[in-house]
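**Q** Here are the chains, one letter per residue:
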Amino acid sequence: MTDQDFGTYAAALFLLIGSGFVFVGAVGLLKFNDPMTRVHAPTKVGTVGIGMLLLGSMVYSNSLGSTSIHELLIMAFLFVTAPISAHFIAKVNIHRRACETPPSPPRDETWSTLNSPEADQKNENLKVGQS
Amino acid sequence: MTEAADIMNIAIAIAFVTLVLGQILSMVRLVLGPTSGDRILALDTMVINALGLVVVLGISQGVQIYFEVSLLIAMLGFVSTVALARFILRGDIIE
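Heads up: the protein sequence lines correspond to chains L and S, in order.
First residue of the first sequence? That's 1 in full-length UniProt numbering, and the numbers climb one at a time after it.
First residue of the second sequence? That's 1 in full-length UniProt numbering, and the numbers climb one at a time after it.
Extracted from the complex, chain S is given alone in its bound form (with noise of 0.2 Å):
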């Protein structure tokens, strides 16, 4: 094990910890929200990381498999994203 590969090993443990502390304080808010802006924009934050943490996985691995994974985790987010502010705004999201 080499001085570089040991730097990637410790820099993959801070980036999966940071991921996952990010993701409780978002379900933290998510729970907390006192309006559902802030529920959508914690539920969006959630996606957001759980794509940060396919991509650090895919790393750690040294897979490129996880590629598909992750964009399909953006995409669903966005729509269900725009659906939820969208049912909000219109009370309908297809009109």
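In isolation and in its complexed conformation, chain L is listed as follows (with noise of 0.2 Å):
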């Protein structure tokens, strides 16, 4: 078997692990039941799913003898961005009560989510002794 063999194997492989991963995040994205369990599958599909895919294009056009690594600033950017987009969306969840929300905390009303800050709290005041 020649290298530039292997390196196919290889990319179908990663191709296959990658596509595996995406299937398996929209399957969890439509059967689960709880809004707040909906959001941990599609994760998996930003991260794994299409860092294997990446990572089947690198080894592919390696393998094709034109080495590219532009794929990893794809990979970095997805795995930076994915969890702080999961993060809002768990607020937003929270914001909405779509889940059953943690009791509340001892000493405040609410969680910070489902409360305005102080500042735009007298702003508003000011708007409104002003009209």
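A portion of the hints provided could be inaccurate.
[Said to hold, decoys possible] Calculated Cβ distances over 10 Å to all of chain S for the following chain L residues:
1. N62
2. E71
3. A98
4. T101
5. P102
6. P103
7. S104
8. P105
9. R107
[What the hints assert, rightly or not] Partial pick of chain S residues on the chain L-facing surface, computed with a CB cut under 10 Å:
10. A15
11. G33
12. S36
13. L41
14. V55
15. F67
16. L71
17. T81
18. I93
[To be verified] Where chain S lies over chain L, by a calculated footprint (3+ residues, C-beta under 8 Å):
19. 7–15
20. 21–29
21. 51–59
Read the hints as simulated data drawn from the structure, not as lab findings.
The structure displayed is predicted, hence computed values, not measured ones.
For glycine and all other residues, C-beta sits at the position ideal for the given N, C-alpha and C.
Since each chain comes alone in its own frame, lean on the hints to assemble the complex.
**A** What follows is the structure, given as structure tokens:
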């Protein structure tokens, strides 16, 4: 088996693993029955699934002779941003009370997601006072 | 056509089919989605699946141009997800 054949086989394997993760994530997004649980599955699509596809692309172009490592940039970007967007979606779920919200904190009245900061409250009061 | 190239073509076809299936399944969730969090999540997944489709298209054609396209899609998808979530959280995108 030549090096090029080995690279092609490895790229095909990476592609299959990546598409498996993509499919599992999509099925999880459709089948889970709680909004907070549904956040869990598609984050795997973003990191592992697309990561494996990009790895397959890198290995394949390497085996064809034109090495490219640009894909690492997309991979790094996705790995950084996937947790942030998942966190924002979880905050939306808590804000809309779509999930079972945690018990109220001992001192404050509500969670900070549901509260508007004091500076904004002052501005709103000013606006109300002026009008 | 060698055996390795045959297997690569089959793998590319399987990747295309699964990505399109994932796109359809998340579109079903986008239509059904009882809460707005689910809809944002389904849109995010659809953007990521489109990114995967562009990457697999680049592999199947053996071209490097699609790298810029996928990077742009990744950035736009992240910004739009954060903007949608921010709009629901605060009633405004840039305060």
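**Q** State the violated hints by number, sorted upward, taking the hints as numbered earlier in the document.
**A** Of the numbered hints given earlier, those the structure breaks are 2, 3, 18, listed in rising order.
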